[in-house]
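Chemist: Given next are the chains, with one letter for each unit.
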Amino acid sequence: MSVTPDSTSDLSRRTVLRRAAAAGLLATPAVGFLSACATGGGDDDGDTGGGATTTNENPLGLAANSAVEVVVFNGGFGDKYPAASEALVEQKHAGSTVDVKFTQKIKTEMQPRFTATPPDLINNAGADMMGNDVLVNQGALLDLTPLLDAPSWDDPAVKVRDTLAAGTVDAGTLNGKPYALNYVYGVFGVWYNAKLFSEKGWTPPKTFDDFFTLADTINGAGIKPWVHAGKYPYYMGWPLMDWIQKLGGPEQGKAIDNLEDGAWKTDAVKQVVTRIEEMVTKGYVLPGSEGLSHLQSQQAFLDGKAAFIPVGTWFESEMSSPPTPGDDREPAGGRKIPPGFELTMLPVWDVTGSDKMPYGAARTYAAESWIVPTKAKNAPGGMEFLRAMLSKAGAAKFSELTKAPTVVKGGADSVTGAGTALTSINNVIKGVGDNTIIVRINDWYAAFYEGHQGPIGELMAGRMKADKFMDEMQKLADKIKKDPKVEKQTRT
Amino acid sequence: MRHGKYPFIAGFLVLPLALYVIFLISPYVQTIMNSFTNWGGFSNQAEFVGLENYKQLLQDDTFLKAVLHNAFFLLALPVITILLALFFAFLLNVGGRGGRAGVRGVFGSSIYKVVFFFPQVLSVAIIAVLWQELYRTDASGLINRIGIAIGFIDENKPWQFTNDPTPFLGVPSVLWWLLLVVVWASVGFYMVLFSAAMQSIPRDIYEAAMLDGATRIHTFFRVTLPLLRDSVSVAWVYIGFLALDMYVWVFVLTPQQGGPNHSSEVFGTVMLREAFNYGQFGYACAMGVAMAAFALVLGALQLSVGRRERIEY
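Order-wise, the sequence lines are chains L and X.
Letter by letter, the first sequence follows residues 222 to 713 of the numbering used here.
Letter by letter, the second sequence follows residues 249 to 561 of the numbering used here.
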């Protein structure tokens, strides 16, 4: 047995090393693409639940001495509030333990666990959230009807579903079943600085014509009338879709949600998009908005560079939270609400004098979804935790800590403390009455949520005209409608 | 000792081989298998769909756009990076003033080396934060602020950098701005690589060339470049893979992670979106496999074209 190769000429130590290095170099990055979507692990078709018999004290059938694992998004609402519900569950079910974990990377950490060992309850929220439609279509989520029909924590005579604000159950419904429970209640609107307006003697606009008249005055004062988070165009999507529905009425909203043919080619859409295009072409939008993150645009607004900005209820709490170090979306000078700033929310103004929905109509929403995976080891435990969160004590603690209302009825009242922002939010919610603008298409189709941002971004950058925008949106809706892999939703 | 040689060697290899098979080979095999299914990623149900995913690839506008963008980086990135790195390395090592004994770099070359290499020691996240402030699209951005102050940039039309899809030389501007960042971040490393290779070239070759009256340009093209052939070839392959990836840069520096409106999509962004946002893991796996095949062919081509007799010194 010879130790040396037959011919030394074609195999020196050097060439071997060089070829090995080259092969390694070649193989490493190339196969990186291969391993990117390997499966998480073996099949585990273990049965779910493992519940005990249900009683009035234990309506969901949580097994004695069981362990509950809850994964919570650690975002704007912080990591303090779940402790209250944790204590409630552990008190009621002595011997059972609740393990609450926090992360900002919901999708990154949960996706690999979903095929085999997901936790019992997930707060599916934040920038790294999973599409609930994607999960439901793969049978990965449990129907939450048992929870909704269970007696509520505080009063056994009242079902959980009857303690929730109107629209909450609908907001978590996909394919006709409630798969998600959205916990936080809010409303979308347009913000302005009431102090600045009273000093200058400006009146907040009630129609687009008001806005355009005022915009010239605002421009003259060296302030830009409008700023938006152009880096995340769905922020601008909120007022855009709200205006369309306000002008065209609930039928127009349903047509868009139901992916009806020509839903994006109506006169209502054209009027709204044309007015927005006018905002851009007339130079009423802060130059450069199209590349700003939500935090940067919000800070630009707070710094007095622009008069109006479209954001939801969370604006004040987000801008008074400590910044995330090293996050490239943070404004360079930090987050700062200047003293004396009277942060005030308005409902989206009228598009014309003859909108189908009256002034005051706005999009209230239930957001921040909580889901129970089909493969959860202790699904009753997950639902029981959610039942505790929907108790009066759990909801009050949440609102106290986060200054945000929950979907528990009367939740908006439990937020105490003065402040123009909270007062104005409550006023907007009260002013909505029966004129709730409903938009479901973003939750129903991940492909729409991702896809509609391109055209909106282009429209706001002034690179796309109204007609082309309508074509692109219609094309997107048609593509989703024709995709056999996407489960269709409808509302009536 | 000859007797138990194979069991002895095998004993050493079992553990690393097992690790290699479990953590490298098996994911690859799984990915290839998944690419023939409609697996969604959040359940363990999947049906075999044959070549359906691959057929769909050829009709996917976004994916094809991403292929073109990667091709752009594949052409532009290695050429620019290598040329710049070679130029700097030459100046730093042999570009110093002639007319004196010996061959040296330009004055202060050791300081320049550190400066050029600096981006290499920064993490991508830090580089991203840095460039985001430079590239910020309103009047608060560093470049825009300076530009507006000196009247070079119109206050009402600040530059849009990575948010600008308008074509420049037929390629969306956002890709050029990304190219600038990546070249800035990687040129230092290749400069050091080429410097090391240049220092191993014997000085007497240069001195002989100079005695014969060769200029600096002559020595670069007739002496340095031919002797650096191996290093350049390896650098080319390596930057080629960087160009096929680009995921991190696009992800952190562009709006909508591949935007605006898909004008900076690359393989990675499209694949990740299909998998994790749309729940189409089977289809995303097909993209990964196509990509890997493409990368392997490309690497093999580059290495075989670049092969040549080696000069030993």
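Keep in mind that the hints are not guaranteed to be accurate.
[Said to hold, decoys possible] Here are the simulated lysine to any residue pairs, SDA-like style, with alpha carbons at most 20 angstroms apart: (1) Lys700(L) - Leu306(X); (2) Lys696(L) - Glu403(X); (3) Lys706(L) - Asn286(X); (4) Lys526(L) - Lys313(X); (5) Lys700(L) - Ser357(X); (6) Lys503(L) - Glu403(X); (7) Lys696(L) - Phe311(X); (8) Lys706(L) - Lys405(X); (9) Lys557(L) - Gln278(X); (10) Lys303(X) - Lys526(L); (11) Lys706(L) - Leu520(X); (12) Lys313(X) - Lys557(L).
Because the hints were derived from the structure by calculation, they are not lab data.
Chemist: Give me the numbers of the hints this structure contradicts, sorted from smallest to largest.
Modeler: 2, 4, 5, 8, 9, 10, 12
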